[in-house]
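2 protein chains.
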Amino acid sequence: MQKPVNLIEKFTLFSDLYSPKVVAEMNDYQFKLARIEGEFVWHSHAETDEVFIVLEGKLTIELRDRTIHLNDGEMFVVPKGVEHKPSAIEQCKVMLVEPKGTINTGETNNTDLIAQNDVWI
Amino acid sequence: MQKPVNLIEKFTLFSDLYSPKVVAEMNDYQFKLARIEGEFVWHSHAETDEVFIVLEGKLTIELRDRTIHLNDGEMFVVPKGVEHKPSAIEQCKVMLVEPKGTINTGETNNTDLIAQNDVWI
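Taken in sequence, the protein lines are chains A and B. Taken in order, the first sequence gives residues 296 to 416; the numbers are from our numbering. Taken in order, the second sequence gives residues 296 to 416; the numbers are from our numbering.
Source of the hints: derived by calculation from the structure; they are not laboratory data. One thing to keep in mind: the hints can contain errors.
Given that identical chains are not distinguished, each listed pair holds provided it fits within a single copy or across any two copies.
List time: in silico SDA-like cross-link candidates among lysine to any residue, alpha-carbon distance up to 25 Å [stated by the list, open to error]:
(1) K298 x P394
(2) K395 x S339
(3) K388 x I409
(4) K388 x G368
(5) K395 x D323
(6) K298 x E402
(7) K395 x I409
Quantities reported herein were computed from a predicted structural model and do not represent experimental measurements.
With the sequences and hints as input, model every part of the structure.
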């Protein structure tokens, strides 16, 4: 059985950007922590929605038709198949929820931003 | 498409205890907010794990073999089929993540604590 997870404390265990780390699993879904700073790449996930929960800082999620601005304690669900580009001017701390096996860059593979999957901390 | 959700602000929209309100949906999962105070009933969910994330306050989750204590910013996954009893001495604010249709009292139906399901705020 998994232990309780202190989300902010877990961030002391890694410093790399745009490289989600798994902290918990429920059924076939994972809860991942990520540090976001600067611009990510436009991408979408054909098979799944994706949840962003901002734990610290400010996150921007550009969609093709509008831009979502999230502060601490705010969440947003990017629907499956919808192109999005996360970014942050100053580094922010985010929790992602998505099915196990979801690749951070989705269908976009012409990028060096693809992170190793299923890395637990 | 859903809008951004400010989790703590959503709590201004309800005051009842142990009555989870849905604030977001991803695929066939829901994110629910609940106010917890006093003792809930022992129950389990035969078909699913259940995630508890404490947003404000302190939450206790008794299991048959140990007790989990969670503070603000901490989460815990109760595995499917595992009996648990949430409680809080002072009211706390919690986010639950579980499949759509999950009943708050699980397999335990001899209780008046069964909440109406799928209530959005």
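How the hints compare with the structure:
1. K298 x P394: both (20 Å within a copy, 21 Å between copies)
2. K395 x S339: Answer is both; intra-copy 16 Å and inter-copy 24 Å each pass.
3. K388 x I409: within (18 Å within a copy, 36 Å between copies)
4. K388 x G368: This pair counts as both: shortest intra-copy Cα distance 11 Å, inter-copy 13 Å.
5. K395 x D323: Close inside one copy (6 Å) and across copies (15 Å); limit 25 Å.
6. K298 x E402: between (33 Å within a copy, 24 Å between copies)
7. K395 x I409: Only inside one copy: K395 and I409 sit 15 Å apart there, 31 Å across copies, limit 25 Å.
In this structure, every one of the numbered hints holds.
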